[in-house]
Amino acid sequence: MLFVSALMSGSEVAFFSLRPEDIEKLKSNKSKKASLALRLCDSPDKLLSTILVANNTVNIAIVLLAAFISSRTFDFSSSPVLGFIVEAVAITFLILFFGEIIPKVFATKNQLPIVLFMAFPMSFLEIFFRPVTSFLIFSTSFVRKRAGIKHSNISMDDLSDALELASDDINEDEKILKGIVNFGNIDVSEIMCPRIDVTAIDIKLGFNKVKSIIIESGFSRIPVYSGSFDSVKGILYAKDILPYTGSPDNFKWQSLIRPPHFVPETKKINELLKEFQIKKIHMAVVIDEYGGTSGIITLEDVLEEIVGEITDESDEDEPLYRKIDDRTYIFEGKILLNDFFKIIEIDDDPFEDVRGESETLAGLVLEITGEIPQKGKEITYRNFKFRIESADKRRIKEIRLEITDDDGNKGEE
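Reading the sequence shown from the start, the letters are residues 9 to 421 in our numbering.
Don't take every hint at face value.
Said to hold, decoys possible - Derived DSS-like pairs: lysine-lysine, alpha-carbon spacing no greater than 30 Å straight-line:
no.: 1; residue 1: LYS219; residue 2: LYS260
no.: 2; residue 1: LYS276; residue 2: LYS38
no.: 3; residue 1: LYS288; residue 2: LYS331
no.: 4; residue 1: LYS212; residue 2: LYS342
no.: 5; residue 1: LYS331; residue 2: LYS385
no.: 6; residue 1: LYS217; residue 2: LYS276
no.: 7; residue 1: LYS282; residue 2: LYS260
no.: 8; residue 1: LYS405; residue 2: LYS217
no.: 9; residue 1: LYS275; residue 2: LYS112
no.: 10; residue 1: LYS219; residue 2: LYS276
no.: 11; residue 1: LYS405; residue 2: LYS385
no.: 12; residue 1: LYS287; residue 2: LYS241
no.: 13; residue 1: LYS212; residue 2: LYS276
no.: 14; residue 1: LYS276; residue 2: LYS260
no.: 15; residue 1: LYS41; residue 2: LYS287
no.: 16; residue 1: LYS275; residue 2: LYS405
no.: 17; residue 1: LYS331; residue 2: LYS247
no.: 18; residue 1: LYS260; residue 2: LYS350
no.: 19; residue 1: LYS275; residue 2: LYS219
no.: 20; residue 1: LYS117; residue 2: LYS217
no.: 21; residue 1: LYS41; residue 2: LYS385
no.: 22; residue 1: LYS212; residue 2: LYS282
no.: 23; residue 1: LYS288; residue 2: LYS219
no.: 24; residue 1: LYS112; residue 2: LYS247
no.: 25; residue 1: LYS241; residue 2: LYS117
no.: 26; residue 1: LYS33; residue 2: LYS282
no.: 27; residue 1: LYS35; residue 2: LYS260
no.: 28; residue 1: LYS212; residue 2: LYS241
no.: 29; residue 1: LYS275; residue 2: LYS260
no.: 30; residue 1: LYS217; residue 2: LYS247
no.: 31; residue 1: LYS287; residue 2: LYS331
no.: 32; residue 1: LYS350; residue 2: LYS41
no.: 33; residue 1: LYS287; residue 2: LYS276
no.: 34; residue 1: LYS385; residue 2: LYS276
If you're looking for bench data, these hints aren't it; they were derived computationally from the structure. Please read these numbers as outputs of a predicted model, since none were measured by experiment.
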């Protein structure tokens, strides 16, 4: 019976300490045990009630059996108080040590095996104790309602609106909270590094050229392609080539390439973050609806949406914009619209009707004009006046922005 008590205690810890990656493993496991375990996890109230009822039933049986054996084995008739103390101490120690502490410590390190092992027994116990557990769940719900305990009905939209109404002087904690609120609404394509700005390595290059590209770029992970960037073969980690830096130019560095992780442009970054955590990777290749490569996205890109810009000693100081005054800026054409809106402090997208599929400021201007404008061309949309500062036949490099009042005049400085 102590073994059964230990199983119940261990199951409680195992089921309720499953991590997201454990749930994903259960979903990918097509066995009957895994499907039963997932069904149990979907009803945590029923599962907890079943475990508690079963565990307490076994513990009561242990106490009664121990008292019966003690009365038959030892004679405490002359000192019943001593007998009670001995029985209480001994039974409490046995139940706590062997039925609670040891199994729970073991379960914290072995959640998944215990969950799979207990899937069938726990499903049976759930059916067996259903009359009792149903009454307990109903009673708990009744008490909660009578006590006035209510679930919070505040949605992410409500929280976002509350932040908008807060003071304009937003501190760092509030910025992070705002990033968390918007986190689930951002697509990968909105924050990725577009393919034109990606440093990549041709799989046919010699080892010396590969080393020079890594050193010049300063990146720790670089995509490797064959023929064109639409055919990414993997990711080369700088740390993987360190043991071979003295090797000749014909060294087969291609054997060090790690498999790439592909994600669609429309994937939400909160889902991507979970994938990064489960697969223990830091970079993904973004593909479009036709299977072509749109760009890359890193764990750093995702986290920056919550905590803001992350820089380290290897980052080059290349600002994507210069602020002339409160209403005049010069932007790099490749700046993401997400960052553009943050800089000019616009929360709602005023270009929603014309932006199309563009994700950068240069792409937005192309959508408005329908062509690659020449240097010096001015484009006005609503109260935004764009002037092309630098461009070539293929891309817009630099754009000057003036924000005017609705009547077309520049606001007060």
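Going down the list of hints, with the structure as the test:
no.: 1; hint: LYS219 <-> LYS260; verdict: holds (13 Å)
no.: 2; hint: LYS276 <-> LYS38; verdict: holds (26 Å)
no.: 3; hint: LYS288 <-> LYS331; verdict: violated (39 Å)
no.: 4; hint: LYS212 <-> LYS342; verdict: holds (29 Å)
no.: 5; hint: LYS331 <-> LYS385; verdict: holds (20 Å)
no.: 6; hint: LYS217 <-> LYS276; verdict: violated (36 Å)
no.: 7; hint: LYS282 <-> LYS260; verdict: violated (33 Å)
no.: 8; hint: LYS405 <-> LYS217; verdict: holds (28 Å)
no.: 9; hint: LYS275 <-> LYS112; verdict: violated (38 Å)
no.: 10; hint: LYS219 <-> LYS276; verdict: violated (34 Å)
no.: 11; hint: LYS405 <-> LYS385; verdict: holds (13 Å)
no.: 12; hint: LYS287 <-> LYS241; verdict: holds (18 Å)
no.: 13; hint: LYS212 <-> LYS276; verdict: violated (34 Å)
no.: 14; hint: LYS276 <-> LYS260; verdict: violated (37 Å)
no.: 15; hint: LYS41 <-> LYS287; verdict: holds (24 Å)
no.: 16; hint: LYS275 <-> LYS405; verdict: holds (28 Å)
no.: 17; hint: LYS331 <-> LYS247; verdict: violated (38 Å)
no.: 18; hint: LYS260 <-> LYS350; verdict: violated (45 Å)
no.: 19; hint: LYS275 <-> LYS219; verdict: violated (33 Å)
no.: 20; hint: LYS117 <-> LYS217; verdict: violated (46 Å)
no.: 21; hint: LYS41 <-> LYS385; verdict: violated (66 Å)
no.: 22; hint: LYS212 <-> LYS282; verdict: violated (34 Å)
no.: 23; hint: LYS288 <-> LYS219; verdict: holds (25 Å)
no.: 24; hint: LYS112 <-> LYS247; verdict: violated (39 Å)
no.: 25; hint: LYS241 <-> LYS117; verdict: violated (37 Å)
no.: 26; hint: LYS33 <-> LYS282; verdict: holds (13 Å)
no.: 27; hint: LYS35 <-> LYS260; verdict: violated (38 Å)
no.: 28; hint: LYS212 <-> LYS241; verdict: holds (12 Å)
no.: 29; hint: LYS275 <-> LYS260; verdict: violated (35 Å)
no.: 30; hint: LYS217 <-> LYS247; verdict: holds (16 Å)
no.: 31; hint: LYS287 <-> LYS331; verdict: violated (40 Å)
no.: 32; hint: LYS350 <-> LYS41; verdict: violated (49 Å)
no.: 33; hint: LYS287 <-> LYS276; verdict: holds (17 Å)
no.: 34; hint: LYS385 <-> LYS276; verdict: violated (36 Å)
Going down the numbered hints, you'll see the structure goes against 3, 6, 7, 9, 10, 13, 14, 17, 18, 19, 20, 21, 22, 24, 25, 27, 29, 31, 32 and 34, while the others check out.
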